[in-house]
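Undergrad: Chain order of the listed sequences is A and B.
Under this note's numbering, think of the first position of the first sequence as 3, with each following residue one higher.
Under this note's numbering, think of the first position of the second sequence as 976, with each following residue one higher.
Hints are not guaranteed to be accurate.
Which residues of chain A face chain B? A partial, calculated answer using Cβ under 7 Å [as the list claims (entries may be wrong)]:
no.	residue
1	Gly93
2	Val95
3	Met98
4	Arg102
5	Met106
6	Gly107
7	Trp115
8	Leu180
9	Val182
Pairs of lysine-lysine, BS3-like flavour, derived with a Cα cap of 25 Å [to be verified]:
no.	chain 1	residue 1	chain 2	residue 2
10	A	Lys240	A	Lys259
11	A	Lys169	A	Lys33
12	A	Lys132	B	Lys1213
13	A	Lys71	A	Lys25
14	A	Lys169	A	Lys132
15	A	Lys132	B	Lys1215
I should point out that these hints are in silico values taken from the structure, not numbers from a laboratory.
Backbone N, C-alpha and C define an ideal beta-carbon position, used for all residues, glycine too.
Given next are the chains, with one letter for each unit.
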Amino acid sequence: MEDTPLIELRAISKFFGKVIALKDVSLTVRKGEVMCLLGDNGAGKSTLIKCLSGVHQPSKGDIYVDGEKTVFESPRDPLDRGIATVYQDLGLVPLMSITRNFFMGREPTRYPWPFRIFDEERANQIATEKMLEIGIDIRDPGQAVGTLSGGERQTVAIAKAIYFGAKVLILDEPTSALGVHQASVVLKIIVNAAEAGLGVILITHNVHHAYPVGNRFTVLNRGTSLGTYEKAELPREKLLSMMAGGEELEQLEIELKEMNKKN
Amino acid sequence: MNKQKTVSGFKGASSDERVRKVSRLRTLLNRPELGALGGAILVFAFFGIIAGDSGMFSVLGIVNFMEVSSLLGIVAIAAAMLMISGEFDLSIGSMIAFAGVCIAIPITYFGWPLWFTIIVTFEIAILVGLFNGLLTVKTGLPSFIVTLAMLFILRGATVALTRGISGRTQIPGLKKFAAEDPLTFIFFNDMFEGLFTWFGSIGWLSLRPNGLPVIPGLPVCVIWFAVLLFFATWILLKTKFGNWIFASGGDANGARNAGVPVTFVKIILFCGTACAATAYATIQVIDAGSADTARGLLKEFEAIIASVVGGCLLHGGYGSAIGAGLGAIIFGTVSMGIYYTGVDSDWFKVFLGLMVLVAVLFNNFIRKRVTESR
Chain A
3 MEDTPLIELR
13 AISKFFGKVI
23 ALKDVSLTVR
33 KGEVMCLLGD
43 NGAGKSTLIK
53 CLSGVHQPSK
63 GDIYVDGEKT
73 VFESPRDPLD
83 RGIATVYQDL
93 GLVPLMSITR
103 NFFMGREPTR
113 YPWPFRIFDE
123 ERANQIATEK
133 MLEIGIDIRD
143 PGQAVGTLSG
153 GERQTVAIAK
163 AIYFGAKVLI
173 LDEPTSALGV
183 HQASVVLKII
193 VNAAEAGLGV
203 ILITHNVHHA
213 YPVGNRFTVL
223 NRGTSLGTYE
233 KAELPREKLL
243 SMMAGGEELE
253 QLEIELKEMN
263 KKN
Chain B
976 MNKQKTVSGF
986 KGASSDERVR
996 KVSRLRTLLN
1006 RPELGALGGA
1016 ILVFAFFGII
1026 AGDSGMFSVL
1036 GIVNFMEVSS
1046 LLGIVAIAAA
1056 MLMISGEFDL
1066 SIGSMIAFAG
1076 VCIAIPITYF
1086 GWPLWFTIIV
1096 TFEIAILVGL
1106 FNGLLTVKTG
1116 LPSFIVTLAM
1126 LFILRGATVA
1136 LTRGISGRTQ
1146 IPGLKKFAAE
1156 DPLTFIFFND
1166 MFEGLFTWFG
1176 SIGWLSLRPN
1186 GLPVIPGLPV
1196 CVIWFAVLLF
1206 FATWILLKTK
1216 FGNWIFASGG
1226 DANGARNAGV
1236 PVTFVKIILF
1246 CGTACAATAY
1256 ATIQVIDAGS
1266 ADTARGLLKE
1276 FEAIIASVVG
1286 GCLLHGGYGS
1296 AIGAGLGAII
1306 FGTVSMGIYY
1316 TGVDSDWFKV
1326 FLGLMVLVAV
1336 LFNNFIRKRV
1346 TESR
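Let's have the full structure, built from the sequences with the hints guiding it.
TA: Structure below.
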């Protein structure tokens, strides 16, 4: 993993008027690794993703893609460079079929105009194949996305991003709305994607979800980075306590113990 | 890397014990036009029993209610496609009146040929659609409000222009222009005349004193309706553009992020409703030989009713052209059929209202079935 990072952020800052949303945050993602971005609500995770996906432009600092300094002016730019963001709402239409969602905006067609039609047969086949490749065997590509479980929906969005040429996958809280089982399925898929050679940025506030799958961890707290750690040098407990609220919880525990003693 | 690795949780999901085999019937139950199909069968059965021997289902009766249904169907299909993309057009009725006088005034007062005014009017319709569409999409205002404004603007302009130029609210005497115009046959024509003459000869149609059947042929608007129905269904289900229509209505933001040109899609469909209204107006003007500023009243709501009865959801993303067509047929059948039953036709609107309520309740149920996990 000594090659050039797929994406490198160098000392990114973002200000909204007087508010400092991010200050000097650096981050790298390499091929085949899962980079976890952890932080509590309001730590600046969303702002950082928005800088990465071209929604915001950083106020200070530079973004390097494949070692080359890049400015993202619109959400289109990162997509063209193979950086796909899967937002929490996934951008899927519940009333439309898996296939139609999968190919939304990029439908394969057949026959020359004016008889050109959406090649649903081929689309169904590709969607089923690609879902299977990252580890989900879908029952029927024609079924409405609304009938899928949360984990399966997440998988559709991820498979779609990979199929359309993503090299870097930015996942915004993919497990936050999921139950234990569904979350583990999605985490497994994230590992599969990294094994297939993608760089994954996993954004979450859940240490228990991040720790098993992450290779490296960056913790954000109140807009600043608490540092980036390799998994080997970071026991789970340390990561937990680094998260904003970790100390507060310890403090709470102590206070509760004291209260119990008094009673 | 092992590409075929499957996550245990979903492995062989087709044989998952939580998944039932879904029969063809159940799949059919999830189609949007199912309710309208049931409704249409019910309506036909009802009138078959109540008014079966009153001549409603004679060739003459069928042609009568199909003509009414087809005219409404032309605008209903366009309205349904727009509704699937998540927008309304309340200016359809006013557009019908406006297009009518746009065709009639230049013929009577400027001496333009009919074919030319028809082409110009269609261009005006595209401009109206562009205006509605651009304003709705660019401002983010609800199309309900934008086109409500357009409803008043067009209706007002229709009356003001017509009275300003002619001093009246009606422009009669267009029959003689229509009779010799090369475009008339597209909008007003009788098809299958041989078949209808044969119907007359075997007594299915009564004959005029001159030996010709009372209706010489199938009105061409029925053909228009059928062609449009086929074309719209093809677009919706078989083309890329159709997928964009559903996506725009289902989640405009998600669709935009996925690269769907939502603005373009919606503007085209706004132009579609305006053009459908113009086609409606053209047929009516040539048929009646006149234009009238009061034409098309409430047609926007009738079109929406037909679409909703046909399974379109009000917030978009779901619906079908076939459903809207069936909705229009129900509408036309009931509006004509009520005269055959002897029921006071004043009750027609009460029935309509009830029908809309039932349809919306049914659609709600269907949507829940489709979106909620099985």
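Undergrad: Going straight from one Cα to the other, do A:Lys71 and A:Lys25 come out at no more than 25 Å?
TA: Distance of about 19 Å is within 25 Å: holds.
Undergrad: Are the Cα positions of A:Lys240 and A:Lys259 separated by 25 Å at most?
TA: holds, 22 Å
Undergrad: At a threshold of 7 Å, is the proposed contact between A:Arg102 and chain B supported by beta-carbon distances?
TA: holds, 5 Å
Undergrad: Does B:Lys1213 lie within 25 Å of A:Lys132 when you go C-alpha to C-alpha?
TA: holds, 22 Å
Undergrad: Does the nearest C-beta of chain B fall within a distance shorter than 7 Å of the C-beta of A:Gly107?
TA: holds, 4 Å
Undergrad: Is the interface hint for A:Val182 satisfied, with its Cβ closer than 7 Å to some Cβ of chain B?
TA: Violated. Min distance 11 Å.
Undergrad: With a cut-off of 7 Å on the beta carbons, see whether A:Leu180 makes it to chain B.
TA: violated, 11 Å
Undergrad: So if I understand the rule, the pair passes when the alpha-carbon distance is 25 Å or less; does A:Lys132 with B:Lys1215 pass?
TA: This hinted pair holds, its Cα atoms lying about 21 Å apart.
Undergrad: Per the CB criterion, is A:Met98 less than 7 Å away from chain B?
TA: OK, holds: A:Met98 within 7 Å of chain B, min 6 Å.
Undergrad: Holds or violated: A:Lys169 and A:Lys132, Cα atoms, limit 25 Å.
TA: holds, 15 Å
Undergrad: Need the status of pair A:Lys169, A:Lys33: alpha-carbon distance at most 25 Å?
TA: holds, 8 Å
Undergrad: Holds or violated: A:Trp115 as interface residue toward chain B, Cβ cutoff 7 Å?
TA: Violated, about 10 Å.
When held up to the earlier numbered hints, the structure conflicts with 7, 8, 9 and fits the remainder.
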